[in-house]
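Build out the structure end to end from the sequences listed, making use of the hints.
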Amino acid sequence: GAVVSQHPSWVICKSGTSVKIECRSLDFQATTMFWYRQFPKQSLMLMATSNEGSKATYEQGVEKDKFLINHASLTLSTLTVTSAHPEDSSFYICSLLQPMAITDTQYFGPGTRLTVL
Amino acid sequence: GQQLNQSPQSMFIQEGEDVSMNCTSSSIFNTWLWYKQDPGEGPVLLIALYKAGELTSNGRLTAQFGITRKDSFLNISASIPSDVGIYFCAGPTSGTYKYIFGTGTRLKVLA
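So the protein lines, in turn, are chains A and B. For the first sequence, this note's numbering begins at 14 and goes up steadily by one. For the second sequence, this note's numbering begins at 148 and goes up steadily by one.
Below, a list of computed lysine-lysine pairs in the DSSO-like style, where the Cα atoms sit at most 27 angstroms apart:
1. K79/A to K68/A
2. K54/A to K255/B
3. K27/A to K77/A
4. K54/A to K217/B
5. K33/A to K245/B
6. K77/A to K245/B
7. K79/A to K245/B
8. K245/B to K68/A
9. K79/A to K54/A
10. K54/A to K27/A
11. K245/B to K198/B
12. K198/B to K217/B
13. K54/A to K183/B
14. K54/A to K33/A
15. K245/B to K54/A
Label-pair ranges, simulated between beta-carbon atoms:
16. T44/A to S241/B: 20 to 28 angstroms
17. Q55/A to I227/B: 23 to 31 angstroms
18. E162/B to N64/A: 42 to 50 angstroms
19. M58/A to S174/B: 13 to 21 angstroms
These aren't lab readings, by the way, just hints derived from the structure by calculation. Please read all numbers here as calculations on a predicted model, not as lab measurements. Glycine residues also receive a C-beta, built at the ideal position from the N, C-alpha and C atoms.
Dropping the structure here:
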């Protein structure tokens with residue numbers, strides 16, 4: 014499957030600052046990427062769908078002005094958490110959609126752990 | 148909305164034992180995927196199922212797409228310590244490529 018990287022792998026920031034997380038497709042040009050959030054001992058929750066060259070679409074309850082997504086190229090999508098607060102502390106994981114023989118399949122990055130103090 | 152419930156929630160097993168877990172939904176899915184997540188890592192795809200009744204293996208793992216299309220099963224044979232982790236089922240919501248993830252089964256293997 015596709016190889017996906019994320020940077021940074023972990024980050025600690027002060028409350029009120031902004032943090033940018035990068036998601037890169039290393040071997041595949043991805044027109045569609047997804048951003049998930051996972052709280053401790055919980056499942057993955059989809060935050061938004063990132064489409065190359067167009068605006069991201071956000072899931073219900075996810076603030077688009079707080080979680081800025083940019084998918085400017087076929088190999089890079091970024092998620093910026095603006096004015097971060099402690100409740101934004103979570104594990105953020107991206108995935109990309111790769112066409113397969115039968116149906117497109119999502120492959121995931123290694124995740125970024127964000128801690129907001 | 149669509150939800151995926153996994154059972155059991157967690158399990159301790161002895162090394163060498165076989166493991167079974169399942170995933171159920173109140174609505175029909177056309178694709179079932181099983182992922183494994185190690186601590187601090189992203190999910191890794193184990194098996195993908197595309198047709199009702201399909202039985203697919205990947206090494207010691209075997210997964211089945213339920214006939215009703217509302218459930219799926221994952222079996223691990225002869226478990227080893229590195230099988231430790233959280234196993235998630237997932238499926239695309241109707242007409243989209245957006246995945247819903249199950250509640251997860253946390254597996255712990257005792258050597």
